[in-house]
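> Each chain is listed here by its residues.
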Amino acid sequence: MAKLTIPRQELMYSGHAACPGCGPALAMRLLLKGLGPRTVVSVPASCWTVIATPYPTTALGVGMLDNAIEATGASISGLRAAADALGLGDLNVVGFAGDGGTADIGLQSLSGMLERGTDALYVMYDNEAYMNTGVQRSSATPQGAWTTTTPVAGEARGKLEPKKDIMAIVLAHHPVYAATLNPSFPEDFVRKVEKARERKGPRFFHVYAACPPGWRYDSDQTIELGRLATYAGIFPLYEVEMGRLRITRRMGQLKPVEEYLKAQGRFRHFSPEEVQQVQEQARARWDDLLARERAANPPERAAVPGEPASPALPPPVAGEALGRT
Amino acid sequence: MLEIRFHGRGGQGAVVASELLAQAVFFDGKVAQSFPFFGVERRGAPVTAFTRIDDQPIRLRSFIENPDVVVVLDPGLLRDTPVTEGLKPGGLLLVNSPRPPEAFSLPLGGRIATLDATGIALGRKVGTATMPVVNTAVLGALARATGAFTETSLERAIISFVPSHPEENRAAARDGAEAVRTEPVAPSTVAPAPAPPAAPLPFPEGPMASRPSHVLHTSSWRTLRPVIDRDRCTRCNFCWEFCPDDAFDLDAEGYPLVRLSYCKGCGICATECPPDAIQMVTEA
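In order, the protein sequences belong to chains A and P. Sequential numbering from 1 applies to the first sequence in this note's numbering. Sequential numbering from 1 applies to the second sequence in this note's numbering.
It should be emphasised that the hints constitute simulated quantities derived from the structure, not laboratory data. Among the hints, a few may not be true.
As the list claims (entries may be wrong) - Here are a few chain A residues that face chain P, going by a calculated C-beta distance under 8 Å:
1. M12
2. S14
3. R29
4. P37
5. G63
6. S219
7. P272
8. E273
9. E274
As the list claims (entries may be wrong) - Taking beta-carbon pairs under 10 Å as the criterion, some of the chain A residues facing chain P (in silico):
10. G15
11. A17
12. M28
13. A52
14. G112
15. E187
16. Q221
17. H269
18. E280
Idealized CB from N, CA, C, for every residue including glycine.
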């Protein structure tokens with residue numbers, strides 16, 4: 001039997017109510033594999049409240065608190081205090097909220113939790129719009145994307161404003177650990193979860209969560225789309241530990257963004273100029289990450305593109321040996 | 001008043017069908033009302049929509065419990081959804097199926113109509129190959145089978161309100177009208193068996209969700225199923241790793257097994273399989 005590269009234990013049950021090919025469902029499955037059973041999850045109004053609770057069952061093999069959409073940060077602060085009062089210091093307290101419940105409606109609550117230094121993990125699964133209510137734009141919707149409230153018709157060209165940079169907002173609070181995760185890279189995903197699990201203090205994940213109906217692509221393309229997002233520099237994978245940034249999926253050369261954009265109906269109206277604009281933004285984002293990584297490392301350990309950032313890096317995980325490029 | 005209930009799956013266009021029908025009725029100069037049942041509207045999940053047609057204003061605002069016509073957009077729903085529940089004796093059951101009307105039954109008698117709307121939608125390239133949109137073909141058949149609204153008005157509604165590929169949809173509606181076959185069905189000579197008492201819930205009732213969701217099966221969401229070729233499988237476990245429904249298990253030797261009670265047919269496993277050992281085949 002081939003060696004498994006991620007834990008076998010399943011704490012997300014089948015029978016849940018997610019759409020076929022749901023990125024957020026896979027994200028939860030991988031998250032709980034990394035966290036293990038000593039976990040409680042607070043879920044605000046979002047796709048995941050519906051996914052987890054086909055009445056009267058639960059899709060989570062761990063405790064779940066269903067809370068109001070603006071209150072995830074506050075609710076995990078309360079859960080942490082309660083767990084500590086009960087002597088459950090080893091309990092993983094996790095908030096699992098969408099991009100609307102985090103970057104829009106829950107932003108003050110998230111900021112408060114980070115600022116108070118709450119010992120908890122906040123996960124934003126980013127499907128880039130209010131998908132549970134039928135694809136309304138959020139501040140995390142990419143510029144130019146079609147949603148039902150940013151139509152494409154006549155002179156209307158989708159969302160006008162650029163995507164809100166939630167990682168920059170979170171990093172301004174100096175959390176002990178923050179990372180971007182993508183279920184298309186399960187070994188990297190679970191490794192970051194396990195790393196966050198071992199840290200004390202506020203931790204944050206920005207998780208790429210592809211949505212077949214909302215992004216308008218066929219459900220079997222969820223994993224491939226996630227790979228394209230990372231390889232094109234749309235969603236680079238990195239972690240920031242005590243202010244030190246490290247890229248965890250290094251590309252010598254970025255893939256063109258066009259392939260990623262063309263695969264989704266929400267970007268199908270893009271002109272060559274609009275594609276070019278996204279291309280330049282991806283390039284700038286990647287260059288910025290490389291510069292920040294260099295700045296975080298002493299010169300003698302400076303990262304060279306295409307090579308490991310420093311000799312201290314862990315060896316490649318088994319998934320890479322299997323040929324996943 | 002004619003009352004029509006649509007049964008479909010999220011993504012097939014059941015709700016849009018009920019709205020297009022209402023628009024066609026308005027073009028005929030009559031009155032219509034249409035609205036969906038708000039449930040778990042996930043792509044692939046069973047959905048219900050309602051349309052009422054009358055010559056005068058409709059005051060009724062309730063769900064349709066006793067329809068004159070039941071329209072089934074996906075024959076797979078017949079497996080586990082009581083679609084004909086409440087259908088009036090003598091009513092019409094219209095099913096999207098390549099099988100003839102005689103293949104289906106109505107215990108209280110009435111009429112059964114069938115057409116291969118999936119085949120028509122695939123032929124006219126309405127929707128995608130994995131998710132053909134069958135609603136316009138079915139509406140063409142409904143117009144022909146009931147005569148409750150004109151095919152001219154239906155085509156006008158499609159051209160006016162279908163946002164993408166209106167011409168292909170109009171052609172599908174015409175094909176549907178030509179393809180539908182309707183047969184009368186006599187009531188069964190045996191009286192229908194009294195409904196069995198409702199099965200007890202597999203868990204105690206209470207305020208908290210206390211049972212795992214795997215007591216619920218999601219196999220009926222599926223239109224395609226994965227079939228694994230064990231000889232080509234290299235046991236890389238990608239299918240298991242990437243399944244959002246945790247619908248794979250691994251046997252003692254490490255080969256994947258599909259848990260078909262839960263597979264929703266998304267196709268990720270087949271697309272991600274490095275040696276192409278998984279094929280998605282159409283559900284019978």
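> If a hint holds in the structure, say so; if it doesn't, say that too.
Against the structure, the hints:
For A/M12, the interface hint holds, since its Cβ comes within 8 Å of a Cβ in chain P; the closest pair sits about 6 Å apart. Evaluation of the A/S14 hint against chain P yields a held restraint, the C-beta minimum of about 4 Å falling below 8 Å. Because the closest C-beta pair between A/R29 and chain P is about 6 Å apart, less than 8 Å, the hint holds. For A/P37, the interface hint is violated, since its Cβ never comes within 8 Å of a Cβ in chain P; the closest pair sits about 13 Å apart.
With a least beta-carbon distance of about 11 Å to chain P, the hint placing A/G63 at the interface is violated under the 8 Å criterion. The interface hint given for A/S219 holds, since its Cβ lies 4 Å from the closest Cβ of chain P, which is under the 8 Å cut-off. For the restraint placing A/P272 at the interface with chain P, the shortest Cβ-Cβ distance is roughly 22 Å, beyond the 8 Å limit, so the hint is violated. Proximity of A/E273 to chain P is violated relative to the hint, the smallest CB-CB distance being about 24 Å (cut-off 8 Å).
The beta carbon of A/E274 is not positioned within 8 Å of any beta carbon in chain P (closest approach about 20 Å), and the interface hint is therefore violated. A distance limit of 10 Å between C-beta atoms decides the matter here; for A/G15 the minimum to chain P is near 4 Å, and the interface restraint holds. Evaluation of the A/A17 hint against chain P yields a held restraint, the C-beta minimum of about 5 Å falling below 10 Å. For A/M28, the interface hint holds, the least distance from its beta-carbon to any beta-carbon of chain P being 9 Å, beneath 10 Å.
Hint on A/A52 holds. Least Cβ distance to chain P is approximately 8 Å, under the 10 Å limit. The beta carbon of A/G112 comes no nearer than 29 Å to any beta carbon in chain P, farther than 10 Å, and the hint placing it at the interface is violated. A distance limit of 10 Å between C-beta atoms decides the matter here; for A/E187 the minimum to chain P is near 9 Å, and the interface restraint holds. Interface restraint check: A/Q221 against chain P, minimum CB-CB distance 7 Å, threshold 10 Å, status holds.
Annotation: interface hint on A/H269 violated; nearest CB of chain P at approximately 12 Å, more than 10 Å. Taken as an interface hint, A/E280 does not check out: its beta carbon lies about 30 Å from the nearest beta carbon of chain P, beyond 10 Å.
Checked against the numbered hints above, the structure violates hints 4, 5, 7, 8, 9, 14, 17 and 18; every other hint is satisfied.
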